[in-house]
Amino acid sequence: MVQARLLAYRTEDHKTGVRAVIWAEGKSRSCEGTGAMYFIGCGYNTFPIGSEYADFPHMDDKQKDREMRKFRYIIHAEQNALTFRCQEIKQKRSMIFVTKCPCDECIPLIKGAGIKQIHAGDVDVGKKKADVSYMRFGELEGVSKFTWQLNPSGAYGLE
Numbered sequence: 001m002v003q004a005r006l007l008a009y010r011t012e013d014h015k016t017g018v019r020a021v022i023w024a025e026g027k028s029r030s031c032e033g034t035g036a037m038y039f040i041g042c043g044y045n046t047f048p049i050g051s052e053y054a055d056f057p058h059m060d061d062k063q064k065d066r067e068m069r070k071f072r073y074i075i076h077a078e079q080n081a082l083t084f085r086c087q088e089i090k091q092k093r094s095m096i097f098v099t100k101c102p103c104d105e106c107i108p109l110i111k112g113a114g115i116k117q118i119h120a121g122d123v124d125v126g127k128k129k130a131d132v133s134y135m136r137f138g139e140l141e142g143v144s145k146f147t148w149q150l151n152p153s154g155a156y157g158l159e
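Here full-length UniProt numbering is used: the first residue of the sequence shown is 1, the next is one more, and so on.
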């Protein structure tokens, strides 16, 4: 999860700032020295490649004009990680670490890619916020789900 948090420095969507990292258990010839895990890919919320800062709106859900909101233009962290992964995902032991609960758009992509574990923040599980819904995460079958949350001081960590 630390690696996912470090991706915050890359995102163009600092308010939402979702980050995702895909790892798998096992040995990989192309990833020597990583022990029993190997890296598959990572991603963060961003606008399409090649876009300039003012090409897309940066307004959030507090704005009245639906057309000017950023949500319809942002590429989600999970989508980014799956699209630009460096290796194929092996069906048995793959996992994705996401700093926020995957939305309803990303859940089918994660399951379709063969990822077997989702480690995510639980802040939005079962909610619908602005233009984004998080209802499917709780209903997802065939994938192990693990959630974590902020501790009272606001820092991420293990208790």
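Careful, some of the hints might be misleading.
What the hints assert, rightly or not - Here are the simulated EDC-like pairs of lysine to aspartate or glutamate, each with C-alpha atoms no more than 16 Å apart in a straight line:
no., residue 1, residue 2
1, 111, 88
2, 127, 139
3, 90, 124
4, 111, 139
5, 128, 88
6, 127, 88
7, 128, 139
8, 128, 25
9, 128, 104
10, 128, 105
11, 90, 104
12, 116, 141
13, 145, 104
14, 90, 105
15, 145, 124
16, 90, 139
Stated by the list, open to error - Per label pair, the in silico range of CB-to-CB distance:
no., residue 1, residue 2, range
17, 36, 73, 35 to 41 Å
18, 112, 26, 16 to 22 Å
19, 90, 146, 30 to 36 Å
If you are wondering where the hints come from, they were derived from the structure by calculation, not from laboratory data. Here a beta-carbon is modelled for each residue, glycine too, at the ideal position from N, C-alpha and C.
Indices of hints not satisfied (ascending): 3, 5, 6, 8, 11, 14, 16, 19
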